[in-house]
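**Student:** Listed below are the residues making up each chain.
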Amino acid sequence: MVKVTIDGIEIEIPKGTTVIQAAEQAGIEIPRYCYHPGLSIVGVCRICLVEIERMPKLQVACYTPATEGMVVHTNTEQVLEARQAVMEFLLVNHPLDCPVCDQAGECWLQNFYMQHALHDSRMFENKVKKSKALQIGPNVMLDSERCILCSRCVRFCDEISKSNELGIFNRGDRAELQPYPGTELDNDYSGNTIDICPVGALTDRDFRFRTRVWYLSETESICPGCSTGCNINVHHNDQRTYKAGGSRVSRLKPRYNPDVNEWWMCDAGRYGFTHVDADSRILAPTRSIGEEQEMSWGEAASEIMTKLREVISVHGKESVGVILSPQMTNEDLFVARRFFRDGLGLKHIDFEVAPLTTGAKDDFLIKADKNPNTAGARLLGVGARQGSGMTVAEMLEAARKRKLRALYICHHDLANGFAVDVVEEALTAQDLVVFQGPNTNSTSALAHYVLPAAAFVEKTGSFTNYAERVQMIHTAVTPLGESKADWQIFRSLAKEAAISVPYFEAEDVFQALTAEVEAFSGLPYAGLAGQGIALRDGQALPESETVVA
Amino acid sequence: MINVHDKHKPLTFIEKTYLPAIVSGVLLTSRHFFVNLTRHILRAFGVKLKNMAAVTIQYPEFLRPLFPRLRTMHRLTRREDGTPRCVACMMCETVCPAKCIYIIADEKLENPQIEKMPRSFDIDLGLCVFCGYCVEACPEDAIRMDTGILEISNYTRNGMILDLETMLSLEPMSSRYVQYDRGGEVVSADYIDERHRSDA
Ligand code: SF4
Ligand code: SF4
Ligand code: SF4
Ligand code: SF4
Chain S
1 MVKVTIDGIE
11 IEIPKGTTVI
21 QAAEQAGIEI
31 PRYCYHPGLS
41 IVGVCRICLV
51 EIERMPKLQV
61 ACYTPATEGM
71 VVHTNTEQVL
81 EARQAVMEFL
91 LVNHPLDCPV
101 CDQAGECWLQ
111 NFYMQHALHD
121 SRMFENKVKK
131 SKALQIGPNV
141 MLDSERCILC
151 SRCVRFCDEI
161 SKSNELGIFN
171 RGDRAELQPY
181 PGTELDNDYS
191 GNTIDICPVG
201 ALTDRDFRFR
211 TRVWYLSETE
221 SICPGCSTGC
231 NINVHHNDQR
241 TYKAGGSRVS
251 RLKPRYNPDV
261 NEWWMCDAGR
271 YGFTHVDADS
281 RILAPTRSIG
291 EEQEMSWGEA
301 ASEIMTKLRE
311 VISVHGKESV
321 GVILSPQMTN
331 EDLFVARRFF
341 RDGLGLKHID
351 FEVAPLTTGA
361 KDDFLIKADK
371 NPNTAGARLL
381 GVGARQGSGM
391 TVAEMLEAAR
401 KRKLRALYIC
411 HHDLANGFAV
421 DVVEEALTAQ
431 DLVVFQGPNT
441 NSTSALAHYV
451 LPAAAFVEKT
461 GSFTNYAERV
471 QMIHTAVTPL
481 GESKADWQIF
491 RSLAKEAAIS
501 VPYFEAEDVF
511 QALTAEVEAF
521 SGLPYAGLAG
531 QGIALRDGQA
541 LPESETVVA
Chain E
1 MINVHDKHKP
11 LTFIEKTYLP
21 AIVSGVLLTS
31 RHFFVNLTRH
41 ILRAFGVKLK
51 NMAAVTIQYP
61 EFLRPLFPRL
71 RTMHRLTRRE
81 DGTPRCVACM
91 MCETVCPAKC
101 IYIIADEKLE
111 NPQIEKMPRS
121 FDIDLGLCVF
131 CGYCVEACPE
141 DAIRMDTGIL
151 EISNYTRNGM
161 ILDLETMLSL
171 EPMSSRYVQY
181 DRGGEVVSAD
191 YIDERHRSDA
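Top to bottom, those sequences are chains S and E.
Under my numbering, the first sequence has 116 at position 116, and the numbering climbs by one with no breaks.
Under my numbering, the second sequence has 193 at position 193, and the numbering climbs by one with no breaks.
Only chain S is shown next, with the shape it has when bound in the complex (with noise of 0.2 angstroms):
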């Protein structure tokens, strides 16, 4: 450990801390563009700099490790004219494209040309011309003018992604950052040089022109696209309704969890939520026997619960399939439990249909299992290899030979996991088949009645993420339609059948959830947002493991 003094202020660090992190920890904010926590530091910025006594000149904080009896000053005279200068040589061939800039808003130039610089121009010649919106990657968009050559980006790539495809070339004021002549910047994780990028130089192709940034609201969230559950934060556009084709998320962007995802997280999951707008939603509760007809909640509850104990009076509890989805949250997993097990005393439940094409995996943050509840719903006990009821694949085959006679299928879409004409086979020879999900898809279309979820960003609620972490996921908009969460769903239908789930908020139904279910006992349910709880110290569960609860 060493001692150090920044702006009068003494903290004791570990050796080999720069003079930014000191800073940091002594809670003084030094402006920076090219040092990021998760890169390598490379100090050619130069906004950082501070003077530290008995040296002759400004140092860089990002690169000066901290030293015992350091004294660092942040605020002095020539501290703040040496970043007024930084900022004039950064701005001297700087485009004025703010007007048209996506980074507008939230762009570092245009707060640190407030903070610290506010100088008027003294340049008069002409400003050098360079590559404007070049789309250099299937999400990136490239503005060399506006790029202040932090290499940021470059040190994602190589050190971070690992893909290597940007470099900066040719020198002086004719410097410009450009792929390597013959590659795109295309990786898993290519998105993220869009975030570091401090200025408006890289931008999103999907969010391009979309709306401005402050128009948008943030919202806590969790990724849903894989096992992983990297946290978010979710961009949504409340006030201005009308943009983007009345989309109402606009983008996803990492948030830093240094347990789960750092400050990163991958494109599929960050382009991965346009179902929540699509056409495709399910608005309201819909009967599809014969003509397709809608109905309000209360008629259609009371229409399934009817039909579902005609089944069972006739067939017996050992007649009705009920399939699960990882993609449905603790809470939902834990009521459809109370509601399905405890309160119908079904048997046959399960929540793993295994896809028919194995999803792409890495050894950094993408998961071959593209659900983000897998571990939950184990450690809940809902599937089929922690009870002894039939896997989804023997619920088909029993549903075919008419020994099911009645199917509740949440969210999936089993032509992922079963040929079609497996899946039609089955759910055409069947009384009753409720879907339930936010979107139609093939399975929804066999269905009898279909009933409408709301999507991950439309509730409240807890993943469990492959480390059994528990996370939260937050209300961002409002539910589209009708829709409802998928708990609330099981509500209403066990109000008809007179089960008792005395739940009004996703909390109450996590307290029940931590006093019933052992593995999640004594979780703090205010402890769960930010970086979320690990169940078990966050040692990961092998892939194989299974879990009764």
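Think of the hints as simulated: they come from the structure by calculation, not from any bench.
On a predicted model such as this, the values are computed, not experimentally measured, just so you know.
Incorrect hints may appear among the rest.
Just some of the chain S residues that point at chain E, by a computed CB distance under 10 angstroms [what the hints assert, rightly or not]:
{"#": "1", "residue": "Phe89"}
{"#": "2", "residue": "Leu91"}
{"#": "3", "residue": "Arg208"}
{"#": "4", "residue": "Thr211"}
{"#": "5", "residue": "Gln239"}
{"#": "6", "residue": "Tyr242"}
{"#": "7", "residue": "Lys243"}
{"#": "8", "residue": "Arg248"}
{"#": "9", "residue": "Pro502"}
{"#": "10", "residue": "Tyr503"}
{"#": "11", "residue": "Phe504"}
{"#": "12", "residue": "Glu507"}
By construction, the Cβ of each residue, glycine as well, lies at the ideal position given by its N, Cα and C atoms.
For this one, chain S is given, so just place chain E with the ligands on it according to the hints.
**Tutor:** Only chain E with the ligands this time, still in chain S's reference frame:
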């Protein structure tokens, strides 16, 4: 501060007769009448006055002069090639206190250097408060409120919405305002709108 309290003060007996109010009203009206009468007479004798005499303008046959800085119906300016100057930066939309500007941005394909332009640009004049902030905020001088069009009415609410094509087709007012010389003196002393004079 507005003194709301005064409103509720009970009237005194004298006030309740309304006579003082009637007398002061009559005095005020008479003063205007005589001052105007005097001014018109003096003007008829060619005396130059600091203040003008009041006149009644027969609107809508005749219009009052519009001053150049008056805020009237919006228009969008064009570049030399006829495309809108607007780059859909949404500054005006952001600043608009009535939230009556609706812009949807698009790629500017004719000129990739400019990159961005509005695909649609609507202003709901039924909500607009004519504050002119949109004009102030625009970094491109793309929106102006100088058409001189004041008579804005419609039979439907939707009819109050100005769209991109309409606003691009409007021209600045020319004949509708008075010209001043450097000393602030009115050069064109005629107060009647040119367009109306011919058919009047
Ligand atoms: S990068 Fe920042 S300063 Fe440059 S044009 Fe974009 S918003 Fe403006
Ligand atoms: S594109 Fe952005 S991140 Fe990359 S060097 Fe330029 S400014 Fe830095
Ligand atoms: S004049 Fe004011 S209220 Fe009307 S559109 Fe402009 S900013 Fe909005
Ligand atoms: S401020 Fe000007 S350039 Fe920007 S959107 Fe409005 S009219 Fe267009």
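**Student:** Let's test the interface hint: is any C-beta of chain E closer than 10 angstroms to that of Arg248 of chain S?
**Tutor:** Where the cut-off is 10 angstroms and the nearest Cβ of chain E is about 15 angstroms from Arg248 of chain S, the hint is violated.
**Student:** Can Phe89 of chain S be said to touch chain E, with a Cβ gap under 10 angstroms?
**Tutor:** violated (24 angstroms)
**Student:** If you take the shortest Cβ to Cβ gap from Tyr503 of chain S to chain E, is it below 10 angstroms?
**Tutor:** At 38 angstroms from the nearest chain E Cβ, Tyr503 of chain S fails the 10 angstroms test, so the hint is violated.
**Student:** So, as I understand it, the hint says Tyr242 of chain S touches chain E; can you test that by seeing if any CB pair is closer than 10 angstroms?
**Tutor:** holds (5 angstroms)
**Student:** Quick check on the hint: Phe504 of chain S CB to chain E CB, less than 10 angstroms?
**Tutor:** violated (35 angstroms)
**Student:** Checking hints one by one. Is Pro502 of chain S an interface residue toward chain E, by the C-beta closer than 10 angstroms rule?
**Tutor:** violated (42 angstroms)
**Student:** Let's test the interface hint: is any C-beta of chain E closer than 10 angstroms to that of Glu507 of chain S?
**Tutor:** violated (35 angstroms)
**Student:** Under 10 angstroms, Cβ to Cβ, is where Lys243 of chain S needs to be relative to chain E, so tell me if that hint holds or is violated.
**Tutor:** holds (6 angstroms)
**Student:** Return the status of the interface hint for Leu91 of chain S: holds when the least beta-carbon distance to chain E is below 10 angstroms, violated otherwise.
**Tutor:** violated (17 angstroms)
**Student:** Given a cut of 10 angstroms on the nearest C-beta pair, is the interface hint for Thr211 of chain S held or broken against chain E?
**Tutor:** Result: holds, 8 angstroms to nearest chain E Cβ.
**Student:** Next item in the hint list is Arg208 of chain S. Is there a CB on chain E closer than 10 angstroms to its CB?
**Tutor:** Holds: closest Cβ of chain E sits about 8 angstroms from Arg208 of chain S, inside 10 angstroms.
**Student:** Is the interface hint satisfied for Gln239 of chain S? The criterion is a beta-carbon contact with chain E at less than 10 angstroms.
**Tutor:** Because about 9 angstroms separates Gln239 of chain S from the closest Cβ in chain E, which is inside the 10 angstroms limit, the hint holds.
Of the numbered hints given earlier, the model fails hints 1, 2, 8, 9, 10, 11 and 12; all others are met.
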